[in-house]
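Student: So the chains spell out like this:
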Amino acid sequence: MTGANSFQVSGYGPQRAGLSRLLARDSLARRLDWPILLAGVALSMIGAVLVYSATRNRTELNQGDPYYFLIRHVLNTGIGLALMVGTVWLGHRALRTAVPILYGLSVFLILLVLTPLGSTINGAHSWIKLPGGFSLQPSEFVKVTIILGMAMLLAARVDAGDKQYPDHRTVVQALGLAAVPMLIVMLMPDLGSVMVMVVIVLGVLLASGASNRWVFGLIGAGTAGAIAVWQLGVLDDYQIARFAAFANPELDPAGVGYNTNQARIAIGSGGLTGSGLFHGSQTTGQFVPEQQTDFVFTVAGEELGFVGGGLIILLLGVILWRACRIARETTELYGTIVAAGIVAWLAFQAFENVGMTLGIMPVTGLPLPFVSYGGSSMFAVWVAVGLLQSIRVQRPMSA
Amino acid sequence: MSNIPETGRTPRVQIRLVVIQILVLSLLGTLGGRLWYLQIREGEAYAKEASGNHVQQVVQPAVRGSILDARGVPLADNETRLVVSASRTDLLKMPDDGKAVLTKLAGVLGMKPAEVMEKVRLCDAKTPQPCWNGSPYQPIPITDEATPKQALQIRERAEDFPGITAEPQALRRYPAPGGANTAQVLGYLSPVTDQELQQAQDTESPYLRSDQVGRSGLERQYDKALRGKAGVTRYEVDNLGRVIGEAEADPAQPGANLVTSIDARVQRVAEYELNEAMKEARKEWDRNTNEPYKADSGAVVVMEAKTGRIVAMASNPTYDPNAWVGGISAKDYKRLTGKSSNYPLLNRAIQGQSAPGSIFKVIPTAAAVNAGYSFDGPYECSSSYSIGNQVFKNFESQGYGGISLGRALEVSCDTVFYRLSHEEWKRDGGTKPKKNAKDWFYKTAHQFGLGAETGIDLPNEVTGRIPDRKWKQDYWKANKDAWCKYGKKGGSYVEQIAYENCLEGNRLRAGDSVNYSIGQGDTLVTPIQMATIYAAISNGGTLYDPSVGKAVVSADGKSVEEIEPKPHGKLPISRQTLARMDDALAGVATRGTAAWRFADVGWPQDKIPMHAKTGTAEVHGKQTTSWFATYTKDYSVVMTISQGGTGSGASGPAVRNIYDALYGVSDDGTIDKKNALLPTPQKKLPKVRTDGTITSPKVPKDPAKEQRATQKNEADPDPQQLAGTVSTQSPENRDTRRRRRRSRRRGGRRMLT
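Chains as they are written, first to last, in the numbering used here: chain E, 15 to 413; chain V, 73 to 825.
It should be emphasised that the hints constitute simulated quantities derived from the structure, not laboratory data.
A quick note: this is a predicted structure, and the numbers were derived from the prediction, not measured.
A virtual CB, placed ideally from N, CA and C, is assigned to each residue, including glycine.
No incorrect hints appear here.
The calculated lysine to any residue pairs, modelled on SDA-like cross-linking and capped at a C-alpha distance of 20 Å, are:
id, chain 1, residue 1, chain 2, residue 2
1, V, K120, E, Y272
2, V, K510, V, A443
3, E, K177, V, I87
4, V, K120, E, F292
5, V, K120, E, T287
6, V, K120, E, L286
7, V, K504, V, R581
8, V, K165, E, G78
9, V, K165, E, N71
Among the chain E residues that face chain V by a calculated CB cut under 10 Å, a handful are:
id, residue
10, V172
11, R278
12, I281
13, G284
14, G285
15, T298
16, F301
17, G315
18, G319
19, A361
20, F365
21, V368
22, L372
Turn these sequences into a full structure, and let the hints steer you where they fit.
Tutor: Structure representation (structure tokens):
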């Protein structure tokens with residue numbers, strides 16, 4: 015199934031026939047945000063190559079098949095595209111009514127992680143093992159449902175025309191809605207996802223037009239919470255060690271500082287054009303752990319150099335730039351909030367992920383959107399792209 | 073749903089969206105900037121770090137070259153042992169980390185599986201010994217005592233033992249051919265230190281952690297040549313050490329062989345005779361101290377007179393250099409270096425220095441001639457020489473009247489030299505030296521090479537000392553504070569001396585010049601210096617750098633780098649004077665103080681002219697040092713025994729026996745070429761074949777004992793006669809024997825001959 019086919023069955027727009035309908039001035043295809051779509055696909059394809067480069071020799075992971083991860087990554091991208099198409103087809107407004115169900119489902123899934131069904135990977139108990147070697151990371155979907163849920167609550171009165179801005183009561187409700195899954199994710203503990211969610215909440219509140227007091231109050235509370243978490247020993251030892259290693263990478267180059275050190279060596283050795291695809295010694299030698307997922311950017315840095323790494327950042331920039339425009343240009347607050355939440359989410363997650371490989375952010379287990387191997391993340395990101403497309407498509411044409 | 077009012081587009085939201093957009097862009101800009109910084113600005117440094125990350129070196133040790141004697145007999149070589157090793161890299165590739173293979177291997181070797189596993193694990197802070205503390209990429213030895221059967225089992229079933237090798241490996245061995253241990257000359261090896269390891273890390277020939285480095289003697293001097301070059305293979309490895317990349321290999325180059333001028337048989341004779349002489353000396357009673365002679369240490373040098381090459385060099389006490397192989401035990405180390413050890417590691421032939429006594433007299437003889445005194449004299453050989461109220465005895469206690477310098481050498485007349493040295497001292501201005509003081513007696517000594525290293529190819533040679541004006545001044549500067557503090561006028565002998573030294577220790581006094589003229593006082597020399605000087609007298613005046621190394625021959629014998637004899641000076645004597653000195657020294661062996669060791673006891677002087685000088689040096693607070701310096705046209709032999717008695721008495725028989733062995737001389741004076749070990753110095757180099765083997769003659773089990781046995785059988789019908797004595801006198805000459813007894817008695821007196 016391809017995107018183009020699905021547009022024909024989307025049922026949106028005047029019924030015309032064939033190619034002309036597809037290319038008509040107000041057709042769905044014409045109104046789609048192609049830069050976002052193409053940049054997303056490009057990032058996913060680059061990701062596929064990088065994932066292949068990182069895993070083709072990792073016999074202990076790829077079960078003897080060098081293409082194991084490549085195939086799965088492409089498959090994930092395909093499923094992601096399908097999810098995007100589905101999202102566009104349903105439309106974000108239609109989804110608005112389903113938000114309570116989706117939210118409930120995602121919270122149920124993350125609760126399930128805490129039961130014996132959940133499994134631990136790299137210190138984070140945030141996975142559900144499925145039959146057939148698949149596993150699910152529900153916290154990725156929670157990011158989407160938090161955005162949708164908060165947007166629904168905050169925009170309801172405004173879009174109805176009752177109020178210019180969400181009132182305090184609504185803001186409290188929205189924060190409560192976000193707090194529940196955040197607390198559960200914190201228990202896993204998946205600190206990286208919690209950090210992303212905090213940023214999402216911040217972006218959503220900003221875009222909702224909630225009063226400045228809420229915005230600054232939340233920033234203050236977030237800071238205080240971070241200090242409290244640090245001081246009260248809520249963090250696991252491995253998390254503290256990661257932060258310490260971030261502060262001083264030379265601390266223990268063979269231990270917790272190993273990841274950051276090796277990642278930086280890999281990227282730094284890439285130079286301008288890199289060592290060439292499949293020729294990175296750090297990558298071939300598997301010196302960087304988790305290289306197909308959290309540290310996938312190091313493959314680009316080493317083998318494709320500044321050119322490749324810069325291209326990834328540029329493509330991410332294209333998506334975020336277009337997403338910001340979508341947020342600005344939509345007329346209803348619901349769409350604005352959703353788009354802004356997605357921007358906050360993808361921007362922060364990309365910054366944190368690339369930043370940790372570059373040694374300017376502490377190490378947390380977050381995937382690089384589109385590029386990292388991992389189904390849950392890929393699906394959630396493409397759903398987000400679907401939402402963005404839907405917001406753009408369904409906005410009345412200004413011309 | 074299309075009629076949504078435009079309430080969402082309030083200015084506040086619009087502004088905030090712009091803020092978000094700016095924030096997002098600045099985050100991405102930060103990433104881009106940081107990426108630029110890491111890859112473009114610091115890129116090279118990281119690239120370097122990355123290459124260090126993934127390249128691992130595996131070093132194959134080079135086999136250390138052998139040290140051979142002049143005929144190719146190995147003095148130091150390698151012993152092959154079957155070593156079974158495990159490659160950790162290979163073991164880790166197996167699903168169970170090689171446990172099954174190691175267990176199987178333990179069965180073959182008759183070891184416990186746990187024992188084998190322990191040897192293979194890597195050492196770290198938490199792992200106690202046994203463990204492997206070398207490179208994890210290096211094969212880890214499990215045993216070096218595998219039997220050929222065990223090795224075969226492992227090698228024939230290689231598929232059952234992946235990662236396990238059973239190969240012969242070389243360990244250093246000092247075989248002591250014919251009993252010649254040559255310990256101090258060969259030196260020893262000890263493990264490389266961390267510092268050396270680090271220093272050599274990036275050089276062309278890096279050390280292995282298991283490497284041994286030459287620490288003294290030839291092993292140290294020729295370490296680089298002997299060590300060869302370890303082979304280095306560079307592998308690209310992944311983070312677990314698995315080899316992933318192509319290898320770049322430099323094969324190991326085995327160390328070269330060092331051919332020395334040592335003759336193992338002569339070396340054995342020298343060692344044996346030195347030891348016997350010291351044993352004999354300990355049986356003698358010292359009338360001065362009223363106890364037997366201690367003979368606590370000694371040395372002998374046999375040198376080729378025309379080249380300065382060392383044929384034998386022995387130092388006593390000695391030790392077994394094999395104690396160092398495979399790591400020295402704490403007990404052995406203490407035995408070799410402890411306070412009560414008498415320091416057997418010292419090579420006393422080059423590191424032992426003492427006053428030379430009368431063997432020094434060749435120097436004042438040359439000095440006197442250079443200062444303008446005629447060789448013929450006559451010079452008054454009185455029984456004593458007085459300066460003011462100080463009386464300097466002629467220790468011979470005999471006046472010979474007016475004699476020539478040659479005769480003075482022959483009979484070792486002290487007073488002749490006292491007078492000449494004192495006169496020169498006065499001529500130079502006495503205690504207040506003239507500006508252009510000639511200092512002939514001191515200058516000549518320096519020209520003879522004394523007070524400086526001879527340049528022998530052995531490490532840590534000492535210089536000895538010529539107590540000239542400059543030394544006096546320096547020594548006084550260094551010590552005057554202590555002397556002035558301790559010295560007391562009219563105190564004990566030592567206090568009085570210190571007092572005098574404090575006042576005028578910087579001056580060369582009349583007494584100093586007198587004592588110096590017969591090799592006493594503060595004069596110090598080493599046996600190698602004296603051997604070099606006597607060899608020069610023999611060869612017409614050329615002072616050669618003594619050398620032990622003769623050639624460096626590559627392991628395949630293809631490259632031969634000969635070490636040519638190198639002169640470092642000429643004796644400051646005219647040819648004529650030299651010839652007359654040569655006559656006088658021959659006279660010592662025929663008529664003088666050494667006659668009872670040579671001419672009187674059947675030395676074939678007409679066939680092999682022998683030249684000798686005896687010396688008995690006094691050391692304050694100790695028994696006399698025995699010195700004996702000799703030469704023929706081929707060799708010079710110098711022996712010394714500390715606290716051993718007189719020159720000819722203690723060292724004479726041993727030196728005579730060494731010559732007997734060299735030339736095959738029997739006690740009756742007949743020369744049997746068959747018994748001669750080395751009638752002329754070895755010229756040809758031994759042949760090293762391309763496969764690394766070396767042609768070398770067989771060495772008898774003990775050349776020293778065989779040598780004595782042949783003499784006994786041929787020359788002495790009455791074995792009883794010789795029991796308990798090292799003398800080689802011929803029994804039919806009763807006259808000689810009487811004289812010998814008399815001489816020995818004389819030797820017991822305070823005699824500085």
